[in-house]
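On the provided structure of chain G, position chain U as indicated by the hints.
Chains as they are written, first to last, in the numbering used here: chain G, 1 to 997; chain U, 1001 to 1101.
Treat the hints with care, as some may be off.
Said to hold, decoys possible - Some, not all, of what chain G presents toward chain U, calculated at C-beta under 7 Å:
| hint | residue |
| --- | --- |
| 1 | G256 |
| 2 | E705 |
| 3 | D744 |
| 4 | V745 |
| 5 | P748 |
| 6 | P885 |
As the list claims (entries may be wrong) - Simulated DEER-style distance windows between Cβ atoms:
| hint | chain 1 | residue 1 | chain 2 | residue 2 | range |
| --- | --- | --- | --- | --- | --- |
| 7 | U | L1034 | G | D866 | 18 to 26 Å |
| 8 | G | H545 | U | Q1080 | 43 to 51 Å |
| 9 | G | S104 | U | Y1018 | 53 to 61 Å |
| 10 | U | D1039 | G | H996 | 45 to 53 Å |
| 11 | U | D1050 | G | E609 | 39 to 47 Å |
| 12 | U | Y1018 | G | G487 | 30 to 38 Å |
| 13 | U | D1050 | G | R894 | 31 to 39 Å |
| 14 | G | E601 | U | T1073 | 24 to 32 Å |
| 15 | G | Y699 | U | D1033 | 25 to 33 Å |
| 16 | G | E925 | U | D1050 | 51 to 59 Å |
| 17 | G | H963 | U | N1030 | 31 to 39 Å |
| 18 | U | T1073 | G | G487 | 18 to 26 Å |
| 19 | U | L1034 | G | R537 | 51 to 59 Å |
| 20 | G | P839 | U | N1030 | 51 to 59 Å |
Keep in mind that the hints were calculated from the coordinates and are not lab data. Nothing here was measured: the structure is a model prediction, and the numbers come from that model. For glycine and all other residues, C-beta sits at the position ideal for the given N, C-alpha and C.
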Amino acid sequence: MTSRRTETGGRIDRFRTIRFTFDGASYTGHPGDTLASALLASGVSLFGRSFKYHRPRGVLTAGVDEPNALVTVLRGDVREPNVPATMVEIHDGLVAESQNRFPSLSWDIGALNQLAGKLISAGFYYKTFMGPVIGPLQGTRFWMFCEHFIRRAAGLGRAGKAPDTARYENMNAFCDVLVVGSGPAGLMAARTAAEAGKRVILAELDPVLGGSANWSGETIGEVPAADWAAEAIRDLQEFDSVRLLPRTTVWGYYDGNSLVALERVGDHKERFATDEPRHRQWTIRAGSVVLATGALERPLVFPGNDRPGVMLASAAKRYANEFGVLPGDKVAVFTNNDTAYGAALALKNAGARTVLIVDVRADVSADMRAIANELEAELLTGHAVVATEGGKALSGVTVQPFQAATGTASGEARNIHADGLLVSGGWSPAIHLASQAGARPEWDDGLQAFLPPQPTRKWTGAGAFNGAFSTAESIAQGVAAGMAVSGGGGQRFEPPAVVTVAGDPKPAPVLEIRADGKSFVDFQHDVTADDVRLAHREGFVSVEHLKRYTTLGMATDQGKTSNVPGLAIMAAALGKSIPEVGTTRFRPPFAGVSLGSLAAERFGDLRPERLTPMHDWHVEHGATMYSAGLWHRPQIYGDPGETIEQAYVRETRATRGSAGIVDVSTLGKIAVQGPDAAEFLDRVYTNMFSTLPVGKARYGLMLREDGIAFDDGTTWRLGERDFLMTTTTANAGKVMQHLEYFLDVIWPDLKVAVTSVTDQWAGAAIGGPNARKILQSVVTGTPVDDTALPFMGIVHGEIDGVPVMICRLSFSGEMAFEVYCGADWGTHVWEALMQAGKPYGLVPYGLEALGTMRIEKGHVTGAEIDGRTTARDLHLGWMLSKKKPFIGSAMMDREGLIASDRLQLVGIVALDNRPLSGGAHIVEELHEGNPHGSIGYLTACCYSPSLGKYIALALLEGGKARHGKRAFVSDPLRKRFGPVEIVSHHFFDPEGTRMHG
Amino acid sequence: MLITCPYCGARDVSEFTYQGDGNRQRPAPNSQDLDAWNDYVYDRLNPAGDHNEIWQHSGGCRTHIRVVRNTLTHEISAVQPVRPETKPSPVKPAGRRGARP
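One chain only, chain U, in its complex shape:
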């Protein structure tokens, strides 16, 4: 599985750490709504298909990214930084033309 980090480019999944379901909504810090906390901490959609996920490029730039991954095919259809204000400049890895693969 390859994940295209918005900052570093396409990297192997072994460089990333899964940081959980991206659909979770954390209640306000002082919320006493235990059902909402329960949803946030324990309830998961577990869809067969596209799933919003948070990954961290822990073996690279360490930023967190939002990833849409198909749980049936592992196809990744979208990647974006979690922090919206940062503007990544994608790095295109230079291929070594002519080198023996």
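Same shape as in the complex, but just chain G:
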């Protein structure tokens, strides 16, 4: 392949060579090159195969709008697909692959699709695979059969399977002014705001700041534009209050002027620096935003407009001026406006010949004729390109006289040899961010483009974004925007003189040449002009429907080049004007965003962990820790070689046989204090608390406003106006918020303060027949006998010099005590209890044994209080006071909540003596092959050492009435079927003789 690199010129560093591979072949380039420019310089014209038809595709653009040249970048086994080659900076060792081709880019079997092109039009998949009846494979089934093959044949890059080991980072930033885009307008806005003392962030998606100044070839203030920009950037770097963010794409504009940007920190490096992430996601909250995002050139729609070698005129100019790369030696130009003439001049200066200019306009200005003369190019006004020739590269174009009235070409056709075709269909301001922020774009007939509306106070536009396509205007608007966001005033500004090529950016209102052959609108999704018309004929009249049916603009480039041409064709088909058809709203992201950056720092080691005061003791004593929400709790204290079941059975037997102790510090604890504390608790609990004597505790149940059970726990009356409420571990936060809401919003007259004291107290529950003896041997300052400490009584004393509060209550069903002390003394008290328990064989037990004992007792937890059950479903109807209203009392008696067929809590015993598992269904008749007829499900299961059986709690339709009946467990996923007996949920010691002692 021939080199297309110019001898001199460009912003690349020609003294250094970079080596990289593309599709396994080695290439070289220079620092400053993109993958696209380096491959073009090496003579590569074919970059990929198209989405649907597998047509050969080259490079259309030089930037973020690239629809064709998508590649997969590999780092080891980590693949990043669908990256525009125009956005990849080359580095030593870069490995990139083309996409959607098999077996190779040059010989692609899928290209046969081109022969079937007539068949694969808009809606092809819906029509062919989802509608018709073809034998046994009909409708959706046929689609499912074909989908596998279609997914292989159509598509873009392939996602990788190797885990991404790169690091991603999240940053929050605040500034007075965020300037998006660092072309002449953005640079001036940033400098003006900085000079006014504002804190400024300037974000630029390219590696080098300066935007079009880097490749316009203009002269600003008597120096080359790129030098002028470099000087302006140096000025900005002098300000401490300015942050410059190159390689940063601002991709989302959200409420309250929050913008999100992706900074590509490491992609251009051979190795990521150890102290740097690969990508950094910025969340920027800006006082004001200056949108200086420039404009994107549009292609023209004509047959063969997707052939490699067809390139946007501005892209060709950029490759020549910025990268020293020529898109061809003998090029043709096809345009509807003046700007392409300037591009041809830039190519001439770089060493390429323009042989032909085809302009759809019947006449052009004298300035343009002069440029054509200077180029020594043949100028064909009132003509159009109607075909292109060539395989993997362009070899020629066919031109014909153009009839503006019909949009068609007729008359004598000529073939002209050219190896590059520069196309310009005018310019569309990059209004994406403004559109995201809610701005409704307004159509400008002169520019044939959607312009942003009048700026709001949230953002101000400047430069080509506003449709101001000349550099002089952009500079003036940048300064004006900078002043506007700085609150007016500022220094008087003398705009620098700009020397540029003459030309009017206003295009002729022609975006499509109707002629035979495939004319592409959306290159990336292979949507042709005929597809758009077909969609119209099939009745799609709304632009939103058209977009979804044809998938126009729905590819990874989000229609950056296709939006306006697509609308123009749609409007013509409807016989309406473009503003009547309207445009779709742009949505984030503006450009592709790495999933890693979105997930950055939101998982893994940055999730907080809650550890109880005795955590280290548990770990040192062999506990297997289990995460329950954010908490870490002991699951079992396993002996070597023990299974989980063996361990919890041993712990349960030891507790029921003598004594066991469990860490209950995780329970939610809320101090409820104040003159109205008792009245408040009467309102939030279903049962009465104002009658509770000081020094006693009571089990309480809360409902939600709708009458569904919410949470349960014991509340201790420590003083006349002082209660300690405990909640379930999982609901501690929700209960706190619930109480605060009612105190603030509903009953502000109640004098009550609620304080979360969960972390202030360490708690240990010690239970079993010998629990009291252990306490008696270690507690000083108070007796703990039945008189001093009756069931639900509270005493204050000391353990090994540490003040403790002891309440006699039981979750395990044993004679049990909860011992609370200051959190810092938790381990001290725990160890003292363990020491005192030694003569009695006191064992620490974990969540499994805790759960086993509560299942045996039929106590409910979050598995049963699941947001669907009522108090009565859980046999807690006795707790619903009739003497007072409480939260939920008005709604709890609605007919649906008291129906007799509701799921009710029951006990289940496995009759086949095999383990049960949570979530398994209960059925009256077993149908293993066709499971159905569920009457309820298991909520918690265990092996019960006390009964010697596998048991479970379940929620069952009309549960209580089924006591004593047989049924079956049906668990088709885990293949567990078998007979069970339905029993009372009180499996063990239903009279409570053990805990009452």
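Chain U in isolation, oriented as in the chain G frame:
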């Protein structure tokens, strides 16, 4: 979205918890009027525009505030404490002038 807490100043929405429709009127605790309870528990206006809401500064001072938020633009036009008797002294966060943003 920023919410200006009357006690703490302007804070990010992530510090707040939405606590429901501020237009709800809770019937008297002993009311047996099921329609009124139904309105309170289930019926919502769902306006496209300004909406009275209750938020809690759960990641801050934990007080509840009344917020008027535009559901189309997320613009917040009014914030006041739910408890009328408290007199907040607004805190103006000190900006770090000259620091690199």
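Legend entry - G:H545 versus U:Q1080 beta-carbon gap, inside 43 to 51 Å or not: Hint holds: Cβ distance 45 Å, inside 43 to 51 Å.
Inset, instruction - May I ask you to test the hint 45 to 53 Å on the CB atoms belonging to U:D1039 and G:H996? - result: At roughly 46 Å between Cβ atoms, G:H996 and U:D1039 fall inside 45 to 53 Å, so the hint holds.
Legend entry - Supplied contact hint for G:D744, tested at 7 Å Cβ to chain U: 4 Å, holds
Legend entry - Cβ distance range 53 to 61 Å for G:S104 and U:Y1018, holds or violated: Holds, at about 55 Å.
Inset, instruction - Confirm or reject the claim that U:T1073 and G:G487 have a C-beta distance inside 18 to 26 Å. - result: The hinted range 18 to 26 Å holds for U:T1073 and G:G487, with Cβ atoms some 23 Å apart.
Legend entry - Hint check for U:N1030 and G:H963 - Cβ pair distance inside 31 to 39 Å: 36 Å, holds
Legend entry - Distance restraint hint 24 to 32 Å, applied to the beta-carbon atoms of G:E601 and U:T1073: 29 Å, holds
Inset, instruction - Hold the hint about G:G256 up to the distance rule: shortest CB distance to chain U must be less than 7 Å. - result: 5 Å, holds
Inset, instruction - May I ask you to test the interface hint for G:P748 with respect to chain U, counting a Cβ-Cβ separation under 7 Å as satisfied? - result: Status holds, d = 5 Å.
Legend entry - Minimum beta-carbon distance criterion (7 Å), G:P885 to chain U: 4 Å, holds
Inset, instruction - Confirm or reject the claim that U:D1050 and G:E609 have a C-beta distance inside 39 to 47 Å. - result: 42 Å, holds
Legend entry - 25 to 33 Å as the expected CB spacing between U:D1033 and G:Y699, which holds or is violated: Holds - the Cβ-Cβ distance for G:Y699 and U:D1033, about 31 Å, lies within 25 to 33 Å.
In summary, the structure agrees with every hint in the numbered list given earlier.
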